[in-house]
Amino acid sequence: MYLSWVDYGVLVIRLDKFVYSNFHQIFLFFTSLSLCIGVYHGCIRSKQLSTNEFLFADVQMKALRTAISLMATIISAASLLGGPAEIYPYENISLCLAGIAWLIGTYSTANIFIPIFRRLGHISLYAYLEQRFSLSVRIVITSTFLIINTCFIPIILSGPSLALSQVTGLYIWFAIGSRGIICTLCTSVVRYDLAKLPKLYPLFVSETLGQYPGLT
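Each residue of the sequence shown is one higher than the one before, starting from 1 at the first, in UniProt numbering.
Derived CB-CB ranges, DEER-like:
1. S134 <-> Y90: 40 to 50 Å
2. L70 <-> Q166: 24 to 34 Å
3. I148 <-> Y107: 21 to 31 Å
4. S134 <-> M71: 29 to 39 Å
5. G83 <-> C36: 31 to 41 Å
6. I172 <-> G82: 17 to 27 Å
7. A78 <-> T109: 18 to 28 Å
No wet-lab data here; the hints were simulated from the structure. Positions of the beta carbon are idealized from the N, C-alpha and C atoms, including for glycine.
All chains, please: the whole structure from these sequences, using the hints.
Take a look at the structure:
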């Protein structure tokens, strides 16, 4: 049995109506599932871990899962909207310069900085700064990082939350609060290597299921 384009059109319309009418249940299901994945691997399935295992995943993280997690971390409302906004007025110049900068930065990080930090055995870059310079430098840079992220994270949360609010009528503060709480819980209770898992699921939903008409 073959479906015509008319049948596909009717199917898309019905899927749109179903998603719109049951959005609150679908939103609750996907967010709860992400939270359950993080809590299961962080609290139920976890074992007693050493500091090295908790912070470094015992230096045994898989490359593919780590790469996908980093991609999921970079993709956000700000990147999806900011990229075209920069490319449009400057055409391809901005994209070419960004590509060159990414190549240089990625190569330098992978072949110069990370090997040095790994040989030194520091838990973070801030520990290296304290050893190399002083505790005051570490405190200043750590405080700067916290201030930047305190201003940056609300912007990242407000973009998709505002879109959900406008399209579905979902209360915007509920969308922001629920996403913030779930992300915080998954990050805090799951050790570093398993923290990739709660990121892979929503990435699969957005990048795979989102390509089908009626499911976006």
